[in-house]
Amino acid sequence: MTYRRFVVTLVALTLLLVLLALACLVFGSVEIPMGSILDIVTGKGSENKAWEIIILKSRIPMIATAALAGAALSISGLLLQTTFNNPLAGPSILGVSSGAGLGVAIVILAMGGSLGGLLGENVGSYMAILVGALLGAGAVLLVLIAFSAIVRSNTMLLIIGILVSYLTSSVVQLLNSVATEEGVHNYVSWGFGNFSGVSVAQMPVYAGVIILALIGSALMVKPLNALLLGARYAQNLGINVSHTRNILLIITGILTAVVTAFCGPIGFIGLVVPHIARMSLGTSNHSRLVPATILSGAVIALLCCLVSVCNPHGIIPINAITPIIGVPIILYIILNRRRINYFN
Amino acid sequence: MNTNTILKTNNLAVGYRNGKQQVTLLSGLNLSLERGKLVALLGQNGAGKSTLLRALTCDERPIDGTIEANGKNLLDMPQRERSRLLGLVSTERIQAGALTVTELVGLGRQPHTGFLGRLDEEDHAIVRQSMADAGIIGKANEYVASLSDGERQKAMIARALAQQTPIIILDEPTAFLDVASRIETMRLLQTLAHERDKAVLLSSHDISQSLMLADELWLITTDRQVITGTTQELIADGVMNRLFTNRDIYFNPTILDYSF
Chain P
1300 MTYRRFVVTL VALTLLLVLL ALACLVFGSV EIPMGSILDI VTGKGSENKA
1350 WEIIILKSRI PMIATAALAG AALSISGLLL QTTFNNPLAG PSILGVSSGA
1400 GLGVAIVILA MGGSLGGLLG ENVGSYMAIL VGALLGAGAV LLVLIAFSAI
1450 VRSNTMLLII GILVSYLTSS VVQLLNSVAT EEGVHNYVSW GFGNFSGVSV
1500 AQMPVYAGVI ILALIGSALM VKPLNALLLG ARYAQNLGIN VSHTRNILLI
1550 ITGILTAVVT AFCGPIGFIG LVVPHIARMS LGTSNHSRLV PATILSGAVI
1600 ALLCCLVSVC NPHGIIPINA ITPIIGVPII LYIILNRRRI NYFN
Chain L
2 MNTNTILKTN NLAVGYRNGK QQVTLLSGLN LSLERGKLVA LLGQNGAGKS
52 TLLRALTCDE RPIDGTIEAN GKNLLDMPQR ERSRLLGLVS TERIQAGALT
102 VTELVGLGRQ PHTGFLGRLD EEDHAIVRQS MADAGIIGKA NEYVASLSDG
152 ERQKAMIARA LAQQTPIIIL DEPTAFLDVA SRIETMRLLQ TLAHERDKAV
202 LLSSHDISQS LMLADELWLI TTDRQVITGT TQELIADGVM NRLFTNRDIY
252 FNPTILDYSF
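Each protein sequence line maps, in turn, to chains P and L.
Here our numbering runs 1299 ahead of the position in the first sequence, where the first position is 1.
Here our numbering runs 1 ahead of the position in the second sequence, where the first position is 1.
A portion of the hints provided could be inaccurate.
Unchecked claim - Quick look at which bits of chain P chain L covers, simulated, 3 or more residues with Cβ under 8 Å: (1) 1518 to 1529; (2) 1546 to 1552; (3) 1583 to 1593.
Said to hold, decoys possible - A partial selection of chain P residues facing chain L, derived with a Cβ cut-off under 10 Å: (4) T1301; (5) N1384; (6) Y1532; (7) A1533; (8) Q1534; (9) R1577; (10) L1580; (11) I1639; (12) N1640; (13) Y1641.
Keep in mind that the hints were calculated from the coordinates and are not lab data.
Remember, predicted model here, so these are calculated numbers, not experimental data.
Glycine is no exception: its CB is placed at the ideal position from the N, C-alpha and C atoms.
Build out the structure end to end from the sequences listed, making use of the hints.
This is the structure we're talking about:
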């Protein structure tokens, strides 16, 4: 019964994913005829070299970046929600993205104008940014673990996450006040969020890390399901709770940090998508929830991506789109708490 | 020692840490649980019922002494081995509303399944049997969220049964239930102890039902002693009047409850 619903949902999500990917390939600021796109994608090439570059070096990497970012942030959200037993947890609201952002800011501003573009082709510079993001996300996760042991209330933990975000943004502004103009400009445009920041050369690192971490999360379904019953029951089922929690938070930190470093601090996707997956499957069972969350995350991110490139006046920042999709869903969830199964 | 003994404490002391201070609630405990018996742990609020149970389920390290299960040290045992010896039902809030009863009970198989927790045919059969034993099989495909409090408790008991442990420890299993569900739950636990040969230990505030249905009682008296025995023995010894500090109530053996 629920299994059929799972299969139908996965098939539908996969179809949507393909359709949206194709749409992102076709639509954009430059109009390219369908026939030429087909020729370029199938390797026949085109007499218009600019079109070739747009498709192969811009649109295809952007599609892959968006889909992977959506999957990564959504799984981060799911792992945080289960780990902290808090349906409103997510990488941006708990301040994990801001932590990664602070790490990025320190690196970008410290390097100043020397970066030459936001994430230069220079391996050293984007690796430095990646490490900065990892350290920042990790630091925030440590703070959250420490506080979650002291404050037992879910709401308080969310407020602590929001406070961490305020604190990091004030540190960033203090840094801005002493940074070079180019550094500040780089940082501000990074903050808008965009999926075109990963070049073909950077793709293997970006995709490789995300895919490995996603596989890691899929291997954690058994302890994740045990955690639905709370720490005491999980312990009684033979799960080493603190060990499991650490692994889950490391996976979350890696996923959030990589996406934040390359695409900017993207809000709402991590918070909202696990709910979309739960509601469309009608289950909290992670063996089905993890694949559905990965696919829904990719679909939502591609949808945002499509909207962002369809504006004739230029690209719309991703962070201007995600709240428009995210806020109504969160409000719906909050207002219908009593009717939604997984809250009861 | 009785050959049916499955869990034994040796000079156990339990308590809690308050900052740097260690507060001992109960000490010098030499208790034993036997297969096939339902044991009720009674005592007033703050007497240390939960603390004792948390020590027995290894959620809190005891201050002193050891716990033996099946002749082995329970505290030093690998977690997976322990999870096959001792099942727990507590009052903690769970986030499993969007699981079906079958899925919830299936989680009880985790100590026996592989890395990804997949259930095979045998596991499914055990899950069905556990739901039947706990009297919840009629709701097998319902969401946990749609269950009444009493049904939810049965589902949690079925989950503990699916874990196939010789010992089941329940922390106030009847706390949030109405009278009918309380009696039903207690009778279910009694049946499981007697017919499935489990050692069942539960803490409770229901004095009269515990006195009627339990095979053995562990009473925590106001002077922090744990006195064990059958209902008849404890009443005969007058221990029942050492359970509460309030002097305005007294134990009335004819109704198996307190009067004032």
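For which of the previously enumerated hints does the structure constitute a violation, in increasing order of number? Failing hint: just 2.
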